[in-house]
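A.B. asks: All chains, full assembly: derive it from the sequences and hints.
Under the working numbering, think of the first position of the sequence shown as 106, with each following residue one higher.
Because the hints were derived from the structure by calculation, they are not lab data. One thing to keep in mind: the hints can contain errors.
Below, a list of computed lysine-lysine pairs in the DSS-like style, where the Cα atoms sit at most 30 Å apart [to be verified]:
no.: 1; residue 1: Lys528; residue 2: Lys255
no.: 2; residue 1: Lys567; residue 2: Lys534
no.: 3; residue 1: Lys534; residue 2: Lys550
no.: 4; residue 1: Lys194; residue 2: Lys550
no.: 5; residue 1: Lys255; residue 2: Lys194
no.: 6; residue 1: Lys194; residue 2: Lys566
no.: 7; residue 1: Lys528; residue 2: Lys194
no.: 8; residue 1: Lys534; residue 2: Lys570
no.: 9; residue 1: Lys528; residue 2: Lys566
Distance windows between CB atoms, simulated [what the hints assert, rightly or not]:
no.: 10; residue 1: Lys550; residue 2: Asn174; range: 23 to 33 Å
no.: 11; residue 1: Asn262; residue 2: Asn200; range: 37 to 47 Å
no.: 12; residue 1: Gln517; residue 2: Asn355; range: 40 to 50 Å
no.: 13; residue 1: Ser445; residue 2: Thr302; range: 43 to 53 Å
no.: 14; residue 1: Phe498; residue 2: Asn200; range: 35 to 45 Å
We treat Cβ as the ideally placed atom computed from N, Cα and C, and that holds for glycine.
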Amino acid sequence: MRKLLFLIVLLFEGFISVAQNPVLWGIMRIGGSLGQGTIYRINGDGSNFTVVHAMGAGSSQGSLVLHPNGSFYGLTVAGGGSANGTIFKYDPVGNTYTTLFSFSNSVGYYPRASLFLANDGNFYGMTSQGGLSNQGTFFQFNPVTISFNKIMDFGLNNGNLPNGNVVQSGNKIYGMTTNGGSSPLAGGVIFSYDIITNQYFVVHNFLFATGYTPFGSLIKGTNGLLYGMAFGGGATGNGVIFSLDPSNNNYSVLHDFDGVNGAAPNGALVQSGSSNVFYGFTQQGGTNNKGVIFSFDISGNNYSKLYDFDVASGSSPNGSPIIASNGKIYGHASSGGANSLGTTFSFDPVSNNFNVLYSGSFTNGGSPDGDLIEFNVPLAVNELVSESTINFFPNPVTSELYVDLSAFNGQQLFISIISLEGKLVSASKMTASPDFSLPVNGLAKGSYTIRIETESQIIYKKFMKI
Numbered sequence: 106m107r108k109l110l111f112l113i114v115l116l117f118e119g120f121i122s123v124a125q126n127p128v129l130w131g132i133m134r135i136g137g138s139l140g141q142g143t144i145y146r147i148n149g150d151g152s153n154f155t156v157v158h159a160m161g162a163g164s165s166q167g168s169l170v171l172h173p174n175g176s177f178y179g180l181t182v183a184g185g186g187s188a189n190g191t192i193f194k195y196d197p198v199g200n201t202y203t204t205l206f207s208f209s210n211s212v213g214y215y216p217r218a219s220l221f222l223a224n225d226g227n228f229y230g231m232t233s234q235g236g237l238s239n240q241g242t243f244f245q246f247n248p249v250t251i252s253f254n255k256i257m258d259f260g261l262n263n264g265n266l267p268n269g270n271v272v273q274s275g276n277k278i279y280g281m282t283t284n285g286g287s288s289p290l291a292g293g294v295i296f297s298y299d300i301i302t303n304q305y306f307v308v309h310n311f312l313f314a315t316g317y318t319p320f321g322s323l324i325k326g327t328n329g330l331l332y333g334m335a336f337g338g339g340a341t342g343n344g345v346i347f348s349l350d351p352s353n354n355n356y357s358v359l360h361d362f363d364g365v366n367g368a369a370p371n372g373a374l375v376q377s378g379s380s381n382v383f384y385g386f387t388q389q390g391g392t393n394n395k396g397v398i399f400s401f402d403i404s405g406n407n408y409s410k411l412y413d414f415d416v417a418s419g420s421s422p423n424g425s426p427i428i429a430s431n432g433k434i435y436g437h438a439s440s441g442g443a444n445s446l447g448t449t450f451s452f453d454p455v456s457n458n459f460n461v462l463y464s465g466s467f468t469n470g471g472s473p474d475g476d477l478i479e480f481n482v483p484l485a486v487n488e489l490v491s492e493s494t495i496n497f498f499p500n501p502v503t504s505e506l507y508v509d510l511s512a513f514n515g516q517q518l519f520i521s522i523i524s525l526e527g528k529l530v531s532a533s534k535m536t537a538s539p540d541f542s543l544p545v546n547g548l549a550k551g552s553y554t555i556r557i558e559t560e561s562q563i564i565y566k567k568f569m570k571i
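C.D. replies: Written as C-alpha cells, this is what we have:
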C-alpha cells in the first residue's frame, strides 16, 4: 500500500513530464471578425492558436473563470441591453456563448476585471462605475438561478472606482478600490464583506507613504496572509508589495519599487506552489521603462528582477502571471509586439528564457488585459457530468485525500484540482486503482474542486483543505 501511494504521488508530482504543452485560454480586448475582441486558446509552446469565439456583444478587460460545470464565465465592459457590460458564459465543449445578465446604471456598469467563485457557489465581482453615487458597485451572481444581487454601492468614504478582482479568506470576501476612503488623498481602500452576516468593512485606507491607488487584486498565500500591490506611492512613489493579515487586519509594506527594477505594478501576484516565492509584473520601470517580470521571496523579502519588457516582444502588462503545469510562467503584454497590439508570452524561471507565443492582430484579436487560464477540454462532446459516482475522505483534508476509484479500475484518468478563482492548481494522468491518494499538503487552505475525467464521463467533487 505504501509503495502504491508513493508511486501515485510520483505520478501526481511528476505531471510536468506528461504535460509539457499545456492548453491555455485567454481573451483579446479588441479585433477579431466583429471588432470587439476574441476568446482564444493556444498551446504552451505557441502552437495551435485558435480563435474559438469572436466577441460581438462587448469587449472584455478581465479573465475567463472556470466553473466546476466545465464552462467559462466572464465580464464585458460594453454590450448588453444598455450597452454597459454583461456577464457571459462560454461552453468550450459545445462552443456556445450566452449572455446571462446586462449591467445598467442603477446596478453598476463597466466591470473592468473578473468574477470570483466563492465557496457558497456564488460569483462575486465589482463594477467600476454606476450605482447610487456613480462610483461603482459590489455584486453577487448566482450561476445556477441566473440571479443578480447588488450588495452595495461604492462611495467616497467606503472606497470607489474599483478595477480589480476579489478573493476569499474564511467567510469573508476581500477586495480593493483605486480611490476613496478616509485618507487625505483618498487613495483607495481594502475592504471585507462577510457572506454570512452581510457586513461590509473598510479594513485599510491606502496612504501615499505606504502604497497608493491599487489597480490589481489580492491573492491568498499558503500561510493565510493576503498579498497585493499598490500602483503608486511608497518610499519612491513607484508602488509597493504589501501583506494583510485577515486575522487582525495588520497591513505591512514588504517591498518598495524603485523604478530601475520595476514601477507601477498591476494585476496580482502568483505564488509558486507551497514555496515562499511569488511572481509578478510591473507595467512600467525597468531598463526600457516598459515593465518587468519579477520574483519576490517573502521569507527574506528578497526581490529579483527577472526580465525587462520591450516594444518588440511586448510591453506594459496589465494582467497577472500564471504558473502552468509545466512550471513556466505565462502572461499577456497589453502593447508592443509585431503589430503593436500586445503579445501572449512564456517565461521559464529556471532558464530565464522568454518566448513570444502570439503577437496580437486585428484579425485574431489584440491588446489583452486579463490573465490566461490553463484548461484541457474533454474530447467527448456529449459528456456525462456526475457528482455522486465517487467517494473520498477525509473532507475537510489536511495532507492526503483518499479517493475510491474502484468503479474505474484500470481506466486512464485525468485528474485536476481547480481553485475557487477557477484556475488550474495541479493536474495528473494515471491508471485508476481502488486505492488512490491525492497529496494536497501544498495547497493553501480553502475550498477546491477535484475534476476527474474518465473514459466515459467527467466527475466534479468539492473538498475543503484545512
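A.B. asks: Determine which of the earlier numbered hints do not hold for this structure and return their numbers in increasing order.
C.D. replies: none
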